[in-house]
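There are 6 protein chains.
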Amino acid sequence: MNTSHRYPAPELKDVPPDIRERILQVQEKSGFIPNVFLALARRPAEWRAFFAYHDALMTPDKDASAGRNLSKGEREMIVTATSAANQCLYCVVAHGAILRIYEKKPLIADQVAVNYRKADITPRQRAMLEFAMKVCLESHLVDEADFPPLHAHGFSDEDIWDIAAITAFFGLSNRMASFAGMMPNNEFYLMGRAPRQK
Amino acid sequence: MNTSHRYPAPELKDVPPDIRERILQVQEKSGFIPNVFLALARRPAEWRAFFAYHDALMTPDKDASAGRNLSKGEREMIVTATSAANQCLYCVVAHGAILRIYEKKPLIADQVAVNYRKADITPRQRAMLEFAMKVCLESHLVDEADFPPLHAHGFSDEDIWDIAAITAFFGLSNRMASFAGMMPNNEFYLMGRAPRQK
Amino acid sequence: MNTSHRYPAPELKDVPPDIRERILQVQEKSGFIPNVFLALARRPAEWRAFFAYHDALMTPDKDASAGRNLSKGEREMIVTATSAANQCLYCVVAHGAILRIYEKKPLIADQVAVNYRKADITPRQRAMLEFAMKVCLESHLVDEADFPPLHAHGFSDEDIWDIAAITAFFGLSNRMASFAGMMPNNEFYLMGRAPRQK
Amino acid sequence: MNTSHRYPAPELKDVPPDIRERILQVQEKSGFIPNVFLALARRPAEWRAFFAYHDALMTPDKDASAGRNLSKGEREMIVTATSAANQCLYCVVAHGAILRIYEKKPLIADQVAVNYRKADITPRQRAMLEFAMKVCLESHLVDEADFPPLHAHGFSDEDIWDIAAITAFFGLSNRMASFAGMMPNNEFYLMGRAPRQK
Amino acid sequence: MNTSHRYPAPELKDVPPDIRERILQVQEKSGFIPNVFLALARRPAEWRAFFAYHDALMTPDKDASAGRNLSKGEREMIVTATSAANQCLYCVVAHGAILRIYEKKPLIADQVAVNYRKADITPRQRAMLEFAMKVCLESHLVDEADFPPLHAHGFSDEDIWDIAAITAFFGLSNRMASFAGMMPNNEFYLMGRAPRQK
Amino acid sequence: MNTSHRYPAPELKDVPPDIRERILQVQEKSGFIPNVFLALARRPAEWRAFFAYHDALMTPDKDASAGRNLSKGEREMIVTATSAANQCLYCVVAHGAILRIYEKKPLIADQVAVNYRKADITPRQRAMLEFAMKVCLESHLVDEADFPPLHAHGFSDEDIWDIAAITAFFGLSNRMASFAGMMPNNEFYLMGRAPRQK
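Residue numbers (the working numbering), protein chains in the order written: chain A, 1 to 198; chain B, 1 to 198; chain C, 1 to 198; chain D, 1 to 198; chain E, 1 to 198; chain F, 1 to 198.
Mixed in with the good hints, there may be bad ones.
Note: identical chains are not told apart, hence a pair may lie in one copy or across any two.
[Unchecked claim] In silico DMTMM-like cross-links for lysine to aspartate or glutamate, where the CA-CA straight-line distance does not exceed 25 Å:
no., residue 1, residue 2
1, Lys134, Asp159
2, Lys13, Asp63
3, Lys13, Asp157
4, Lys29, Asp146
5, Lys13, Asp146
6, Lys104, Asp63
Just so you know, the hints here were simulated from the structure itself, not pulled from any lab data.
Please read these numbers as outputs of a predicted model, since none were measured by experiment.
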């Protein structure tokens, strides 16, 4: 039985104004409110920290972006692959959708989620995902020897920090979503699957 | 790098007539030839055994069906869940598509593949998948104690054989598909996802 | 408690004639009927597919044998090692017996079953078993990099397909035997152990 | 080789004023600056989100505390146990120190880190740690059945959210500390170990 | 390549007299010298401790036997099962042979080694092996709850100590045999397999 | 609940004289009796074998020391690291204390126990611990290829035997301590932590 009944999401009208404002922006852009935005809003302080962290990693400001060159699609690829390793339904479906859209590749999310080694991605992206999986599953083994192969694919040390930090942050997200029984919005399942997706 | 270049699929015109006939039937019904049909046809004897086994489990004849009551959707649900455990891209995508169609539930395949415990399925189906996972991942632990809980959900001993055998057969299929680098046809990714799927 | 009481083997007189004929041949050759032949005969369609697959991999016809050079002993060595990894009592004991006989080495089956790395086998055979174990336990990791080391030991791509397919097929067999509680015939335990075994 | 040379901590004088202020407060209270405060400050936006999240979980405001009754010691116990499972040197040593101090038990941190099942803790605390470990290591398995045993020990649903969220947040922290090679300050190793620790 | 060339066994004539005496006794009784006796004799102090420990657990003196009722066969059954879990070739083959002889059951060793859950043993013996496997593979989880089920099968606390200690001691033996490349004497493979074994 | 009530330690006055003598020596040297000395004394034969083995590995006689150059600190480092892998509270705390004292490094034991890869040790010591961990966790994989890297760090074959044997012996000790619920003496937790520890 799903655990979500224990942690009911607040109604939009009841959340603090700063949170509501952000949610309305997302709704306007996406056409719906992704469930995580309301599910976490029951604890405003955690909500604010969560999305501040999310934004710092996924959409960093210009002045925080020196040497950080992961594309938006690559960031979502990391989320999709590591969330699949953590068996997080919400994040695989929601971020898989965003991955399809950013990469304009309708097939990529399922490939990355099931077995990224078989996915239609570049050797650079495969190296990125291998390192992300190491951080996800056995971070205690990360050491200096992991860096040169990533440098060889053009990743800077700041990029590598991003790979690690995105993996670590969504490991938090995966655990909370599985724990609290967050279900992905129905809209995510189909997004970006049509061949001509904008 | 994909291994499929080592085992090129024959062209349809070059396969033995009995195999070609079956493939043409599938093509007519589906609108395309699922890649596994051609990929395995390079060894006709294995092809024939593979599909004979497949049919015996997935579409048994009437006279072999006494006490066997798994629905077609349930059979595909077993394939999707256990293929995800084996990280088999071909089977998750192809059988996930068939699962969506049989169950007329556009969301179910992704749910079952990522984490069947969070899927919108019945307690009976969850018990079925838990047993399938045990056969998939630790068959040496199966014993008499596994049966009463399955009986309590209405499964007969023949149903339980079916759950085990479907899991075992697709474990073979998963290993061959991953080994030989079989990629799912593009068509499978989108099949059964539209809300009004027939 | 053993689960075999749920799936009683039919009597020989009650199985379809084509199956009975094959069983009688085996009995004549071996001096007894290996239990798997009767245990699976309760479902004739599965029996036929199972043994057709078995024969296609273990005793291929001449015209299907181009480039396929695994010896009979090597095929059984794969079965013994991977069945031990799956903790399948039936297959380790039955195929271990056949392995001893084909290889004329009374000690080899126990060595391969307990820890093939310590067995008295060639480096070529060890490489073969390492690849078989990868297909058995983590087939999602198989990729192009697995091939050159096998080629270096003289294995062709068709041999490698055989290693993978034998592993995959007996993975099916292991799961069914453990699930259905098949016990090896007493005869197998001693076969091929005497130093001068014919 | 440690990876920390790749991500040198900024000097205190170079960090943004809001961050510097907080760090100076910590230094005043503790007598030293825990390394994580400077190590993460190289990316101010992540620093702010990290410590906002930390505070929301570890020292929640009064108005966010309804139904949340984990003691400070229990919160640190969760961090110590799960950080040990993730083999994070920084967090085990630093939070183990804080655990000793809050609980006024000089031996507890080593016990909880090595094997919490042998630690001198209450059955309630053991149940808390078992659930934390499940969230840490197999969050995909969490379901409704985990709640009644925790309720029986007096944990509210808000407490259970806290257990899960603390585990999830420090899972992030563990991965970043191991990745970036953060070493615990020498001071932590000895803190709270003297029998008469205030 | 086997590591045994690095640690050549001394010749019998070169070992200290007390060790030689014991070895000659074993040779007289068994008809051959089990390899472990010479392999460990290169370090006499370790040899003496090893066999003193072995004897204290496997053939305890009368005055050390109060409340200790494991049969000799049960002791060897523990060794065979846990050595198989550790994949120790020497111990599975050598102690499997002794197990067959003590139990007068030619099939039992292979059954216990491959999957003790399928072996022809009593429920009491299965409970004994389950506990031994817990000590072997996850001793940190052993706790008070493990005792009542063992008591229910008639095991005393001294018997339970024996189960744990035999498992622990042969865990040492398994690691040394695998490390040092000890191969079982050929004689062991066939011992006790004939139906009328004395 | 701790299992130690089932196996109460004898009083010092009740143990055999040879055992009492050794215990009194240890008490004089350490200032207290480490719990393992009394806990195991309930079975004198096992006690004698245990400590004979311990001494043969940890404080070998001069005439048994040819080619054996591990320092006392290195020996304790192996114990601490592998006992942490086995989650043995007694051995991590007790031998961690001895490690701190021998190495005169107050921080080293916690580092080695939590994640030896992050510890302040030499590359030689890290290689030593990697091999010890292999013997501890997957001894069936040890083979000839493990030796050259150890030789390159100056370890002799006798040193390598010591690494393996210390690991194997304390694997026994870990299992017995966890099984029997041995708790480390309070004294161990603080020993060697003060910067000027003699």
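Evaluated hints:
{"no.": "1", "hint": "Lys134 / Asp159", "result": "within (15 Å within a copy, 31 Å between copies)"}
{"no.": "2", "hint": "Lys13 / Asp63", "result": "between (34 Å within a copy, 19 Å between copies)"}
{"no.": "3", "hint": "Lys13 / Asp157", "result": "between (43 Å within a copy, 24 Å between copies)"}
{"no.": "4", "hint": "Lys29 / Asp146", "result": "neither (38 Å within a copy, 37 Å between copies)"}
{"no.": "5", "hint": "Lys13 / Asp146", "result": "neither (48 Å within a copy, 32 Å between copies)"}
{"no.": "6", "hint": "Lys104 / Asp63", "result": "neither (28 Å within a copy, 45 Å between copies)"}
When the structure is compared with the earlier hints, violations turn up for hints 4, 5, 6 and for no others.
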